[in-house]
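Visitor: Sequence:
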Amino acid sequence: MKSRFSLLAIAVVGSLSLAGCQKPAETATATETTTEATTVPVADGDTIKVGILHSLSGTMAISETSLKDTALMTIDEINANGGVLGKQLEPVVVDPASDWPLFAEKARQLLTQDKVDVIFGGWTSVSRKSVLPVVEELNGLMFYPVQYEGQEQSKNIFYTGAAPNQQAIPAVEYLMSEEGGGAERFVLLGTDYVYPRTTNQILKAFLKSKGVADEDIMEEYTPFGFSNYQTIVSNIKKFSTGKKTAVISTINGDSNVPFYRELANQGIKASDIPVMAFSVGEEELRGIDTSLLQGHLAAWNYFMSIKNPTNSDFTKRYKQYAIDHNLPNADKVVTNDPMEATYVGINMWKQAVEDAGTTDVDKVRISMAGQTFDAPSGYTLKMDEENHHLWKPVMIGQIRADGQFDTIFKTPEVIRAQPWSEYIPK
Numbered sequence: 354m355k356s357r358f359s360l361l362a363i364a365v366v367g368s369l370s371l372a373g374c375q376k377p378a379e380t381a382t383a384t385e386t387t388t389e390a391t392t393v394p395v396a397d398g399d400t401i402k403v404g405i406l407h408s409l410s411g412t413m414a415i416s417e418t419s420l421k422d423t424a425l426m427t428i429d430e431i432n433a434n435g436g437v438l439g440k441q442l443e444p445v446v447v448d449p450a451s452d453w454p455l456f457a458e459k460a461r462q463l464l465t466q467d468k469v470d471v472i473f474g475g476w477t478s479v480s481r482k483s484v485l486p487v488v489e490e491l492n493g494l495m496f497y498p499v500q501y502e503g504q505e506q507s508k509n510i511f512y513t514g515a516a517p518n519q520q521a522i523p524a525v526e527y528l529m530s531e532e533g534g535g536a537e538r539f540v541l542l543g544t545d546y547v548y549p550r551t552t553n554q555i556l557k558a559f560l561k562s563k564g565v566a567d568e569d570i571m572e573e574y575t576p577f578g579f580s581n582y583q584t585i586v587s588n589i590k591k592f593s594t595g596k597k598t599a600v601i602s603t604i605n606g607d608s609n610v611p612f613y614r615e616l617a618n619q620g621i622k623a624s625d626i627p628v629m630a631f632s633v634g635e636e637e638l639r640g641i642d643t644s645l646l647q648g649h650l651a652a653w654n655y656f657m658s659i660k661n662p663t664n665s666d667f668t669k670r671y672k673q674y675a676i677d678h679n680l681p682n683a684d685k686v687v688t689n690d691p692m693e694a695t696y697v698g699i700n701m702w703k704q705a706v707e708d709a710g711t712t713d714v715d716k717v718r719i720s721m722a723g724q725t726f727d728a729p730s731g732y733t734l735k736m737d738e739e740n741h742h743l744w745k746p747v748m749i750g751q752i753r754a755d756g757q758f759d760t761i762f763k764t765p766e767v768i769r770a771q772p773w774s775e776y777i778p779k
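Under this note's numbering, the first residue of the sequence shown carries the number 354, and numbering increases by one thereafter.
In the BS3-like style, the derived pairs of lysine-lysine whose C-alpha atoms are separated by at most 27 Å in a straight line are:
| no. | residue 1 | residue 2 |
| --- | --- | --- |
| 1 | Lys402 | Lys672 |
| 2 | Lys563 | Lys591 |
| 3 | Lys622 | Lys590 |
| 4 | Lys468 | Lys402 |
| 5 | Lys716 | Lys508 |
| 6 | Lys563 | Lys597 |
| 7 | Lys669 | Lys735 |
| 8 | Lys561 | Lys590 |
| 9 | Lys716 | Lys468 |
Read the hints as simulated data drawn from the structure, not as lab findings.
Given the sequences, and given the hints that come with them, work out the whole structure.
Guide: Right, here's the structure in full:
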């Protein structure tokens with residue numbers, strides 16, 4: 354299996370064509386400046402303010418609260434080691450409450466009122482797209498830590514989660530392979546917003562390029578917070594009759610809990626119809642009896658169960674942070690992929706600020722190009738010099754009875770992100 358997918362890794366480390374980009378990243382020069390009215394000022398107080406923009410209430414709180422905690426832990430660690438440019442970082446935490454327009458309002462508040470020098474936040478693509486015009490207008494800087502659908506590139510956003518070629522495409526190739534079960538029929542099941550719909554547009558074109566017929570693709574979307582999956586799961590069972598079938602899940606937020614519970618209720622096992630999830634990690638599985646879900650899959654770029662010294666240290670520190678700060682169920686906290694991406698992003702920003710000698714957005718943007726960081730995944734990640742995306746590994750994990758994942762596939766090297774998919778017409 355490793356040799357087979359090593360070829361995949363080599364194949365996707367291709368050059369990135371930026372033809373048809375809507376918002377290409379701009380390579381600034383050291384002499385470029387913006388008008389005083391639209392530039393976030395360089396930190397000139399005793400602290401450097403950092404914005405934390407995550408939903409701490411509403412349907413996405415199940416996923417985003419831990420990212421806020423990871424950000425605060427990382428900031429504490431940086432402050433304990435001398436801060437940045439000799440100043441302590443001061444986090445400014447706001448709660449957009451899973452309300453997408455409120456993300457834009459809170460981002461504007463952070464930049465214009467709180468005067469933060471950078472924002473770390475978001476989970477859903479609709480939240481990111483709400484913030485994007487604000488940070489572009491005000492020349493702010495945002496780090497976005499979650500896998501997404503691609504088809505975007507902004508000089509004001511750094512994307513530390515996966516692009517489709519670092520998650521979605523390799524995951525489907527795995528399911529179609531002999532090692533992955535040889536699926537011939539696919540259910541594309543997602544929450545009804547831009548990330549699932551665009552990702553599935555890419556996947557449908559990819560599947561058709563591999564000879565999968567239209568009648569062998571079922572597509573279904575549900576609202577945020579949806580909980581009644583009885584009919585949908587029943588329809589999946591009927592659709593699977595006669596051919597090996599797999600489910601590609603882009604369900605987001607707390608809807609994952611009733612979906613997986615309904616799979617168990619209807620007796621669907623991974624050996625019958627495997628589910629490959631793109632937005633379910635260790636945090637989401639904490640609320641489910643995973644003993645009934647063994648064998649189902651997830652595609653990410655990091656799993657808590659990865660064994661290496663860097664990850665052991667990372668998970669140990671987070672567990673201690675949870676205990677020290679009385680986080681809910683502190684003795685049972687977990688780490689996951691977007692948490693690692695948050696941690697990497699904050700540390701890379703710190704490195705870039707120190708290399709630039711300033712928090713000025715234009716200069717930090719230049720300094721971010723080519724930054725590297727030894728991540729808990731066990732790989733050295735790199736910020737691409739051109740497209741503002743990380744080079745990341747691809748991993749596929751299998752759910753264990755204890756809610757952790759066994760890594761059953763990983764690329765030997767990091768993969769360059771391709772934000773603009775060849776499977777969507779330009």
